[in-house]
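Listed below are the residues making up each chain.
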Amino acid sequence: MTDRIDLNKYLPLTEATYYILLALDEPLHGYGVMQKVEAISQGAVRLGPGTLYGAFQSLEKEGLIRMIREEERRKCYQLTGKGRQVLAAQVGRLQVMLANGQAFQDGMGSSHAAGRMQE
Amino acid sequence: MERKIVRKFNWFWAWNDDREEAWLEEMSRQGLHLSSLGLPGFYYFESGEPGDYAYRLDFNTTHKDRANYLALFQDAGWEHLGNLGGWEYFRKQRKPGEVMEIFTDNESKIKKYTRLMVYLVIFFPVLFILVTSDPGEHTRTIYQIGRLLGALLLLLYSVALIKILGRISRLKKSLALEND
Chain U
1 MTDRIDLNKY LPLTEATYYI LLALDEPLHG YGVMQKVEAI SQGAVRLGPG
51 TLYGAFQSLE KEGLIRMIRE EERRKCYQLT GKGRQVLAAQ VGRLQVMLAN
101 GQAFQDGMGS SHAAGRMQE
Chain D
120 MERKIVRKFN WFWAWNDDRE EAWLEEMSRQ GLHLSSLGLP GFYYFESGEP
170 GDYAYRLDFN TTHKDRANYL ALFQDAGWEH LGNLGGWEYF RKQRKPGEVM
220 EIFTDNESKI KKYTRLMVYL VIFFPVLFIL VTSDPGEHTR TIYQIGRLLG
270 ALLLLLYSVA LIKILGRISR LKKSLALEND
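First to last, the sequence lines map onto chains U and D. Residues in the first sequence are numbered from 1 upward in steps of one, following our numbering. Residues in the second sequence are numbered from 120 upward in steps of one, following our numbering.
I should point out that these hints are in silico values taken from the structure, not numbers from a laboratory. Even glycine gets a Cβ: it sits at the ideal position worked out from N, Cα and C.
Okay, the calculated beta carbon distance ranges per label pair:
hint : chain 1 : residue 1 : chain 2 : residue 2 : range
1    : D       : 233       : U       : 68        : 24 to 32 Å
2    : D       : 272       : U       : 72        : 40 to 48 Å
3    : D       : 233       : U       : 9         : 17 to 25 Å
4    : U       : 69        : D       : 138       : 39 to 47 Å
5    : D       : 181       : U       : 68        : 17 to 25 Å
6    : D       : 238       : U       : 99        : 45 to 53 Å
7    : U       : 107       : D       : 202       : 52 to 60 Å
8    : U       : 15        : D       : 245       : 39 to 47 Å
9    : U       : 42        : D       : 167       : 33 to 41 Å
10   : D       : 291       : U       : 62        : 18 to 26 Å
11   : D       : 264       : U       : 69        : 51 to 59 Å
12   : D       : 263       : U       : 63        : 49 to 57 Å
13   : U       : 42        : D       : 182       : 35 to 43 Å
14   : D       : 289       : U       : 63        : 30 to 38 Å
Mimicking DSSO-like on lysine-lysine, the simulated pairs with C-alpha atoms at most 30 Å apart in a straight line are:
hint : chain 1 : residue 1 : chain 2 : residue 2
15   : U       : 61        : D       : 183
16   : D       : 183       : U       : 36
17   : U       : 61        : U       : 75
18   : D       : 292       : U       : 61
19   : D       : 211       : U       : 36
20   : D       : 211       : D       : 291
21   : D       : 183       : D       : 211
22   : U       : 36        : U       : 82
23   : D       : 291       : U       : 9
Turn these sequences into a full structure, and let the hints guide you.
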């Protein structure tokens with residue numbers, strides 16, 4: 001239970017951070033992350049190099065990603081165990097959000113849907 | 120078309136980096152493309168065909184990881200033009216479908232101005248001590264001139280900090296609106 005509280009301080013992730021972490025399921029360098037994020041978000045999230053560089057630095061510092069290797073001045077990063085836990089916790093939150101949103105669209109009360117999710 | 124180097128002078132304060140970007144873009148539209156940076160305020164342009172370029176400035180004072188930093192910008196299509204006092208100058212030709220910003224969210228824009236502010240704050244105590252210290256026996260003219268310059272710099276730093284803080288708070292406000 002203490003682990004859970006610890007993970008919550010990283011949440012919610014911004015959309016950019018969420019996609020960067022998803023992309024780093026496999027080792028990738030910066031440009032690879034940019035391309036993958038744009039592809040899997042269907043063009044919704046496009047990262048500038050300044051934003052991505054800063055995100056790499058802070059995510060590495062927080063221990064959510066780590067550098068795997070450096071090839072031709074390009075660092076490759078990958079998720080750490082902690083990074084995977086944070087990502088899983090974020091996905092859990094998103095599932096609740098999505099269930100509530102779908103219930104709203106179906107004309108149900110949002111509390112009803114949230115209650116069902118908890119069971 | 121003959122290519123030649125044109126030197127121009129223009130002054131931009133640290134909190135007006137977006138105006139500097141806009142000016143460099145306007146110069147490129149007139150066929151003058153930034154080629155290098157001289158002393159503060161001096162810009163060297165190469166004359167050529169007018170072009171539609173985006174110019175972007177980042178503030179970066181970490182040097183140990185610089186090669187990796189520059190490689191990332193290069194991979195994303197940004198040409199590095201030079202560094203001046205911690206400011207990195209980048210350029211990219213505008214094309215449909217290309218990402219034309221180096222910072223694509225408000226959080227990272229806020230971080231850029233925070234880096235700049237931290238850098239300026241470091242000098243603050245030094246200037247403050249210089250200006251407010253008891254002159255004692257040091258009443259020589261050179262010392263008085265130093266104090267006067269220090270006082271002017273202190274004033275300038277204060278204005279800079281207020282302007283940059285204002286900028287950060289405007290970015291934070293628009294961030295709050297986004298999240299609402």
